Amino acid sequence: MSRTPQRAAPRHAPSIRIGCDVHPISEIAASIELFGERYLSRVFTTVEREQTAGPMSLERLAGRFAAKEAVLKVLQVPSMASVPWKSIEVRTGGNGVPYVVLSGSAQEMAERQGISRVDISLSHDGGVAMAVAAAIPASAA
Amino acid sequence: MSADTATDERKSEEGIRDVTDERIRAVLSAHAKLREPADGLAEAGDLYAAGMTSHASVNVMLALEDAFDIEFPDALLTKHTFCTIATIRDAVTGLLEPAA
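Taken in order, these protein sequences are the chains called L and E.
Going by our numbering, 993 is the number at position 85 of the first sequence; the sequence numbering is gapless.
Going by our numbering, 136 is the number at position 95 of the second sequence; the sequence numbering is gapless.
Heads up, a few of these hints could be off.
[To be verified] To give a feel for the contact side, a few chain L residues facing chain E, derived at Cβ under 10 Å:
no.: 1; residue: 931
no.: 2; residue: 939
no.: 3; residue: 947
no.: 4; residue: 957
no.: 5; residue: 967
no.: 6; residue: 1025
Calculated from the structure, these hints are not laboratory results.
Remember, predicted model here, so these are calculated numbers, not experimental data.
We treat Cβ as the ideally placed atom computed from N, Cα and C, and that holds for glycine.
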C-alpha cells in the first residue's frame, strides 16, 4: 500500500481559519413579520439593507446573517464577549463580490488575534443561505 | 429592619422572580425553537444545547424587550446573556432596576 508522504508544515506558516454557517431563508421572513423594523435595524446595517433591497432581499439578508455567524466562528468569540451583529458588515463590491467590514468590538477582536481581513463567500438554494468565512492573518495578507 | 420586614421583602423578591421566570419561559416557548418545552427546563440548563440557534436568540431578545419593556444594550449582546434562564433573568432584572 502506498502512502502519501507527509510534508512538514513550514515553521512560520500562516494559520488561515475558516468558518461556515447555513441559515433558513424562511426564518428571516418570519422575524421580519414578527418584529419588523426593530429586527432589521438591530441585525443589519444601513448599507446591508440598501444593498439587499429588491426582489431577492430575503435570500440576500439570510446570506448576510449566515456570513455574520461564520465570521463570529473565525473570530472565536468568547461567550462573555459582546460582538453586536452590526459590527460585522457584509458589503457587495462593484464587481459583485461580497466582502466584510469589521468595526467596534469585532474589529478589535480581529486585530488582537492578528487577523488582517476576513474573506467570505455566500450562496443560497433550496430555501437555505450559506456562507463561508476565511480569516486571513496579517502574515499572509 | 425587623424580621417581619425582612421576610416580607424576601417574599416580594421571590414573587417578582417567579413572575419574571414565567414570562421568560413564555418567551422561550414562543421563540427559542427548543426541542423540549421551556416549562420543564432547569434555570441553569443550556438553552443552546436545548436547540436554540443564534438567530432564535435574536427573536428571544426582541420578544423579551417587548415583554418587559426594556432594551438590551450592545454590552449585553453576548452568548452568555442568553445561555440559560438564570442568565436571562439576571440581565432582565438588571435592566429593570432603576439606575442608582
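- Message: Of the numbered hints stated earlier in the document, which are not met by this structure?
- Response: Per hint list: 4, 5 and 6 violated.
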